[in-house]
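Student: Going down the list, the protein sequences come from chains V and S. Residue numbering for the first sequence follows the working numbering, starting at 1 and increasing by one per position. Residue numbering for the second sequence follows the working numbering, starting at 357 and increasing by one per position.
Worth flagging that the hints you see were computed from the coordinates, not collected in a lab.
Estimated spans, in silico, between C-beta atoms of each pair:
1. S:GLU495 <-> V:PRO252: 46 to 52 Å
2. S:SER740 <-> V:SER218: 52 to 58 Å
3. V:SER44 <-> S:ALA576: 47 to 53 Å
Some chain S residues flagged as far from chain V (calculated, every beta-carbon gap over 12 Å):
4. ALA368
5. GLY686
6. ASP693
7. SER740
8. LYS772
9. PRO911
Glycine included, every Cβ here is placed at the ideal spot set by N, Cα and C.
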Amino acid sequence: MSALGGVGGVGGVGGVGGVGGVGGVGAFTGIGAFLGADDPAGYSPITTLGLQTTAEGLRHLSGLQLSSNSQHLPFNSCDNMARWGKWVRGSLYLSDYLSGLSWEPADNAIIIKIDNNLLISLKRPNETLLTEQCTLVRNYADLRADRTAEITSQMGFPTEYFAMLLGLTLGQHKKTIELITATQVVAAHTAMIAKHMLAIRRPDQVDGAILPMIMTPSHGSFPAAHAVEAYAVLTVLESVITQWGTLADLEPRIAMLRGLAERISVNRTVAGVHYPIDSWAGAAIGVAVGRVVLRRCGLCIDTSSLTLEAKNADFNSTDFFKFPERGGLSKGAAYRIDEKDSFKWLWNQVIAEKQA
Amino acid sequence: MSITQPMTSIRAYTGPYERWLFTQELGYPFAFPALREKYQYVAAIYKGEISPDIERSAALRFPPLWPSADSSRTVTPFAFINTADDLPGHKMPAIKIAQSSPHKTALDCSSAAPQRFDYRVNVPIHADSWVAEDKYEVEAALCGWKKPSIATKVIVAVIDDGIPFGHRAFLDAQGGSTRISHCWLQAARVSQKKSAVPFGREYVNAEIDTLRASAADDDALFYRLAGAVDMDFAEIGSTLCRRMTHGAHVMGMCAGNGATFTEQLDDSVQIIAVQLPNTVAWDTSGFGKEMHMLSALHYIFNRATAIAAEATKQGQPVEELPLIINFSYGWNAGRHDGESDMEIAIQQLLEARAKCQPKTALVMPSGNTFDHKMHAQFTEFDFSSNCNSVSDTVSIGWQLPPDDRTSSYLEVWLPKHFDPAGYLVRVSSPAGQTLQSQAELYINPVSEDHAVKQQASTDQQHFTELTIAGKNIGQLSSERHNGNRWRVLLALIPSTYCAAEERRSPAGLWKIDIIREDGAAQLGDTELIDIWLQRDDDPVSLKMGGRPSYLVNLPRSSAVAERSPSIDRQLSGVTGYGR
Chain V
1 MSALGGVGGV GGVGGVGGVG GVGGVGAFTG IGAFLGADDP AGYSPITTLG
51 LQTTAEGLRH LSGLQLSSNS QHLPFNSCDN MARWGKWVRG SLYLSDYLSG
101 LSWEPADNAI IIKIDNNLLI SLKRPNETLL TEQCTLVRNY ADLRADRTAE
151 ITSQMGFPTE YFAMLLGLTL GQHKKTIELI TATQVVAAHT AMIAKHMLAI
201 RRPDQVDGAI LPMIMTPSHG SFPAAHAVEA YAVLTVLESV ITQWGTLADL
251 EPRIAMLRGL AERISVNRTV AGVHYPIDSW AGAAIGVAVG RVVLRRCGLC
301 IDTSSLTLEA KNADFNSTDF FKFPERGGLS KGAAYRIDEK DSFKWLWNQV
351 IAEKQA
Chain S
357 MSITQPMTSI RAYTGPYERW LFTQELGYPF AFPALREKYQ YVAAIYKGEI
407 SPDIERSAAL RFPPLWPSAD SSRTVTPFAF INTADDLPGH KMPAIKIAQS
457 SPHKTALDCS SAAPQRFDYR VNVPIHADSW VAEDKYEVEA ALCGWKKPSI
507 ATKVIVAVID DGIPFGHRAF LDAQGGSTRI SHCWLQAARV SQKKSAVPFG
557 REYVNAEIDT LRASAADDDA LFYRLAGAVD MDFAEIGSTL CRRMTHGAHV
607 MGMCAGNGAT FTEQLDDSVQ IIAVQLPNTV AWDTSGFGKE MHMLSALHYI
657 FNRATAIAAE ATKQGQPVEE LPLIINFSYG WNAGRHDGES DMEIAIQQLL
707 EARAKCQPKT ALVMPSGNTF DHKMHAQFTE FDFSSNCNSV SDTVSIGWQL
757 PPDDRTSSYL EVWLPKHFDP AGYLVRVSSP AGQTLQSQAE LYINPVSEDH
807 AVKQQASTDQ QHFTELTIAG KNIGQLSSER HNGNRWRVLL ALIPSTYCAA
857 EERRSPAGLW KIDIIREDGA AQLGDTELID IWLQRDDDPV SLKMGGRPSY
907 LVNLPRSSAV AERSPSIDRQ LSGVTGYGR
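Please take these sequences and the hints and turn them into a complete structure.
Tutor: Structure representation (structure tokens):
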């Protein structure tokens, strides 16, 4: 977990806000282990003391000249990006994403905008729909014994699962994993905004027979942040591996990525903490966020706005992509969105990591 | 055989499972993958008398049968070469054989008199396990076989998967020779030597010893050399590389020696083993296993006679040896009354052998599904305690799990000889899902409007489809099974999208109502309506993605005391458990 999750150091930025909650329990992607990835907060007391006594012992060897290197770094330049610690870049990605994000309530719905254009609107599901959905949640409990390992290891960002599908390594794909993490972090922030406004009770707070197998997270049910993150990462990775153009089996890999995004989302329903409609809403936001990330990276891709008025439907990737109307999802007008230097820099690094 | 001889066709039986599994719009895309490939060699069972025409036909091959000539045999396992070019295509292959004389036989389809059925297709046999014509020599049965050093007193036989026939637990007291007299790997690739079995590979004791010697103490090497581990070959695969197999468990218990076992078997106990194809349990319909299972039994009886003959003085009649067969296999659904084709066939074999050797025993599983909730029964009490003014209804829930990548099956069996006039079965989908078609079927519709398909004189069949969003997700059928007992079958496609199909069954609680109209016959005191589910899990890790469904007791409308049906009788024959 920690090997890849460590990159989630970017998530450390998540310190911004209670996004820690996205990670769930601290031990999984929590902040502690990652805060200041590339940038340790301090040395151990004994090392600190040792450094001081060494400095005192050696300083006389430096002579008496004043500091000689005062040449500036380039001003406002992405050439500096590689110098910054991962958590610093993470902070920049998040800021560049959020700088265009706004949201407002409208007629029992949330409207989320990017660069002043409609990104997505989500209608608040009514109480009857939640009650109906509890039947599906109870059905999914049949899979708990099978999915326990997945559910408990996916409580944080399930980057390892995406890495498995694409053969990503820490040696070769540092920036690809950084892009995945950045996407997850911005997705999580967006999810929290919608969860807070729509304020939907969790299934176990509606139906006493749900009995979840993990602790119910302390934020709203709709949309599901796991689905937001998974479908955002899916959207970004589909573009990444397509641009790489080096995987001979591109189609099946994309099919598996879609399957994984579905599985990560559905696992939360299996666990008993999400309704299937939460995955519909989450996947819709996720795709929207993924497109924003790609546009921020400078890619020219479809940016239709989305509207969801959830229906009592089960969730899976096939229905989501092929029959969106089954879940109450519809497309609207395309919007404009600005590129950002930080994301463009990252994208160029990612493309250089092409997996052959 | 000369091609100038008149040809005749043996027809395939098409029951509800065949219709479901071989129809593109129904369950075919989700069926056992081998059924969907172009297959040349087909396993099958033949019901009825085998005429000399059939027996001599080069198109057909029979496993070692026992007794070799038996005109009273009801069901005969065989295999044939499929000559039709258009397979697959959701059609049953017709077998073309030559007739030596143009007499009317049970096979003659041009006859106006309909036959119940001629043969029943089973799973295909892989081309690599089909013995070449010039290598197939039935008389080679004991070629290379070595007479055991001690006279054989008892034969223990095992039919299973993953048979560890190279294991030291099956060596004799000296540790030098195997106690396994014969071992047939039904699905192994053929070897280059002569073969007395028509498909797969047979090992006799001396061959096993030779292989053990060349593999030294390396078990993994032994199985590779023997073709019993074959990674690229799904029918064999790497089952024997596992820490344990079902076959190792069973064969160890009934015939193993060594420190693990408290009771040691004498070397006078010889072993015959048959390994079924790994994939025989792939299809959750239970379809297509009969030939391999019945062949295994015939083979064991046949080779047991051969062992006994070797111990008999020349010119003397063969004295059969006591035989115990361990056969840990079966179906969950089905008649469970001793009158399925398999039950009848096995019972006949046992009775025939008991005539020459009463010490003949078959050990079978008696229901190891524990609390899997795969069986329910209704009595007349259930109808009468739940009455309303229009009709009597009994209901049961069927919970279909999510993420099931195989079809699921529920069978309803009425009592034998029961007249189902006025009985209908209605199926309701889980809450929130609406079936487009009227999902109900009169078990025996009197009207011709009910799409009656009368295939033969005795097995009447009726079908209706279940659809959602314009696509078939299920089949509801009824038929008079073997001419004497009505069965209703409900088949549903997987509950998750798979096999590139844009349709699936909704997971959740399905409801089955059995509705009885006024004036319809009532159940007698000892009569029951049985509900059985087919097993739908993955016992040998075939990666088919099945998940077990289960029955659910629905809340009853009136507060009545449950009454457990009890039937008190002696086990008298080969009968599925549960009755």
